[in-house]
Amino acid sequence: DAGVIQSPRHEVTEMGQEVTLRCKPISGHNSLFWYRQTMMRGLELLIYFNNNVPIDDSGMPEDRFSAKMPNASFSTLKIQPSEPRDSAVYFCASSVGQLDNQPQHFGDGTRLSIL
Amino acid sequence: AQKITQTQPGMFVQEKEAVTLDCTYDTSDPSYGLFWYKQPSSGEMIFLIYQGSYDQQNATEGRYSLNFQKARKSANLVISASQLGDSAMYFCAMWVRAAGNKLTFGGGTRVLVKP
Chain A
1 DAGVIQSPRH
11 EVTEMGQEVT
21 LRCKPISGHN
31 SLFWYRQTMM
41 RGLELLIYFN
51 NNVPIDDSGM
61 PEDRFSAKMP
71 NASFSTLKIQ
81 PSEPRDSAVY
91 FCASSVGQLD
101 NQPQHFGDGT
111 RLSIL
Chain B
116 AQKITQTQPG
126 MFVQEKEAVT
136 LDCTYDTSDP
146 SYGLFWYKQP
156 SSGEMIFLIY
166 QGSYDQQNAT
176 EGRYSLNFQK
186 ARKSANLVIS
196 ASQLGDSAMY
206 FCAMWVRAAG
216 NKLTFGGGTR
226 VLVKP
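Those protein sequence lines, which keep their order, are chains A and B. Read left to right, the first sequence gives residues 1 to 115 (this note's numbering). Read left to right, the second sequence gives residues 116 to 230 (this note's numbering).
With the rest of the complex left out, here is chain A:
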């Protein structure tokens, strides 16, 4: 079975540019999560969706970040304009419904470098 698919795997861009990260969750999973991982702050939840609806975006750093989930099989995380402090690994994860004992399955992450 295909896991969570993220693209691109690596992104290097200059500050001020728009960055779009993409995620395809596991088929049948109806919860989707975006995380950011840095050395300083560890793993932080940015936003999560249930049934394509954003439930909690309290972790989104600021208005430069936005996330969408237009359908059950696709989500984007957009940063506009990007800044060097946005450099991190961004993970997408998905799970089946309400968490309980259902683990979140992570994609391989997107390593983002803003110069």
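One should not assume that every hint holds.
Said to hold, decoys possible - Cβ-to-Cβ under 10 Å is the rule here; a few derived chain A residues that face chain B:
| id | residue |
| --- | --- |
| 1 | Gly3 |
| 2 | Phe33 |
| 3 | Phe106 |
These aren't lab readings, by the way, just hints derived from the structure by calculation. None of these values were measured; they are calculated from a predicted model. Each residue gets a CB set at the ideal place from its N, CA and C atoms; glycine is no exception.
Dock chain B against chain A, hints included.
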């Protein structure tokens, strides 16, 4: 608010020996669950094991077992018969029912297995 703590930033273990990774948590919600994830140097997050707050027995999954001590609010991961491939970062994460689908991650423990 829930909190999860991993006090060991790093540790060495001899190949074929067992290792215990500490995880303590704090929540007032009676319904919660604890997950352990492995992150090898390649960066992906791999689900290892889950323990629910109402589970009567400690979780086991192959060489992984969870030493769940509810009164002490600890959920330590035990890896038996360590292998070189166990070298990785290990993260403890907690879900509480009142917070919905959100996972809160600890800071991680880096394990290096010595031949």
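Verification of the hints:
With a least beta-carbon distance of about 9 Å to chain B, the hint placing glycine 3/A at the interface is held under the 10 Å criterion. Using the Cβ-Cβ criterion of 10 Å, the hint placing phenylalanine 33/A at the interface with chain B is satisfied: the shortest such distance is roughly 7 Å. For phenylalanine 106/A, the interface hint holds, since its Cβ comes within 10 Å of a Cβ in chain B; the closest pair sits about 4 Å apart.
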